[in-house]
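Undergrad: Single-letter residue listing:
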Amino acid sequence: MGDLLAVVVDGLIYSSWLFVIAAGLTIIYGVMRILNMAHGSLYALGAYAAASLVGVWMRGGQPPFGTYLLLVAAALLVGLVMGPLVERGLLRFTYGRDEVVMVLVTYALFLVLEDVIKLIWGVESYFVTEPYGLLGTFELGPLSYPVYSGVLVLAAVVVGLGLRWGIYGTRYGKLLVAVIHDREMAAALGIDVRRVFLVTFTLGTTLAALGGALTAPTVSVVPGMGVEVIVLAFAVVVIGGMGSMQGAALGSLIVGVVRSAAVHYLPQVELFSIYLVMALVLAFRPRGLFVAPEARKI
Amino acid sequence: MRRLDRTTAVLLGALVALLALGPVLPKWAVFLVTVALAKGLVALGLLVLMRAGLVSFGQGLYYALGAYAAGMTVQALGVGDAVPMLLLGTAVAAGAAGLLGLLLARYRTIFFAMLSLAFSMILYGLLVKSSALGSTDGFNVVPRTVLGLAASRGGIYGLAVICCFAAALGVHLLLGSPLGRLAPAIRDNELRVEYMGASVRNAVHLFVVLAAALAGLGGGITALAVGHIDPEMAYWTTSGEFVFVAILSGTGSPLAPFAGAILLELLRSFAYEYSPNTWQMVIGGAMLLVILFLPAGLWSVFARRRRAA
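Protein chains in written order, with my numbering: chain B, 1 to 298; chain S, 1 to 309.
Heads up, none of these hints are tricks.
According to the in silico footprint, chain B covers these stretches of chain S (three or more CB under 8 Å from chain B):
{"no.": "1", "region": "99-111"}
{"no.": "2", "region": "119-132"}
{"no.": "3", "region": "231-244"}
{"no.": "4", "region": "276-290"}
Rather than coming from a laboratory, the hints here were simulated on the basis of the structure.
Glycine included, C-beta positions come from ideal geometry on N, C-alpha and C.
Using the sequences provided together with the hints, build the complete structure.
TA: Following this line, the structure appears as structure tokens:
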């Protein structure tokens, strides 16, 4: 019984972390049809930015509770700088190319960013312990969890609800949906697709960086931390259906719970259990759980 | 006798040149070219797929299978000759693709890429956890003989050159055959291909198996040349590199992937030598430049000049 509870709670925590990252990936794909391989690097950038900001803040002798705001500030900083920079500086020259070519463009960007990170922060690891240590732990039945994990879950819920409201509840969100459904028609109706792309990519980048910033306190921030995240986020997005927000949520839950179940019951299969699920979903629902099949074009 | 067409003549020329260069090249260059040729084989398989409009982000699966099968030939079967090692590697990779292809052949575009990625990551996960195969460390592969002669760098190089020649010639002949001509047709419009009475699924399945066999052969040659194999060979970054080589080279000629692979290995070696901290950046930057300014790959430079002449 305790085992099952642990599986569910661990899975939930893991899913929350995944969801924030996958939401950014899926919104970029949904609107721009770009499967962003550089997403993992942006995630790592967020983590490094958070580590640096918190480091400076603590050395300045500021109140430690301010570090939570700093995590969000780091994500916003990375998003608002890198989003426009990458979209305006690189991606806009490649619009209209094949989706697979776009994967390669972002793969090249991933290689470049990985080294940029090493150039800025070096190869040593960084630790951000304050936000994690401050909150202590709480008891859940026989198990004890850090309160910070609860913060992660809360953050994911806030991000999810915020995106839902932003996309379906605001005027701008409706424009976004129009672009998702038919880019050309949206443009013909006077929607500034270029600006929608810029905003979307910046939003997606911010989410990736937020995922990184929120994770920074729980791990050591090291070079290469983004590499594994990319394929994990891919798995989530593919399972849920690329471009679907509900899909990203369900995909994260599935991947999170499968992984934590594997860790608890069958540690040998941890790594590939996720990809096994991804392959199975693709085998039976090629476009993912939340996306309707497309008619064949003649 | 039929006159040799231009590509066959160039291939023959390349075969003779590479074999003649073998004894002259410095040791590091022999190693570099052998590894590059092995990767070129994988990219050659991707070229066939790309002609049909398919890009696989999981060729690392077959690459690693070929390498591990070659390694197991020594470890488990006790056969130490390079040729049966390569044959078994190729056969295992092709066999795996024969099975997976049943599913893969139904997928297109990004879904094809993602499903093949998932398969390769499953293998990666399996290899990392299997202690009998050395987990993350992998194991050493030391061939004892090459075609009965004592194994040497040069012998493996020669074998690699001959394998690549045969593969490139085979792919060249295939692309000119009716089956090969189906590939661009499938990319342009599958439904019309079916109206003509050809089976798109069978053709795609065959291309998948062929690409896998080439990747398996490449993996086997890498195992022989490097003398060590590990699960990284199945990781998605390895697969990404193959796609990079294929796109860098373009689909213009079966010779292009080898030229592209040698170029990439040279670029990597020199970038690693002169800026060890930023070699990934150099490669990424080169990749972006090619994609932005040479959409049809490096080979298009030659092709354009030839047309202009």
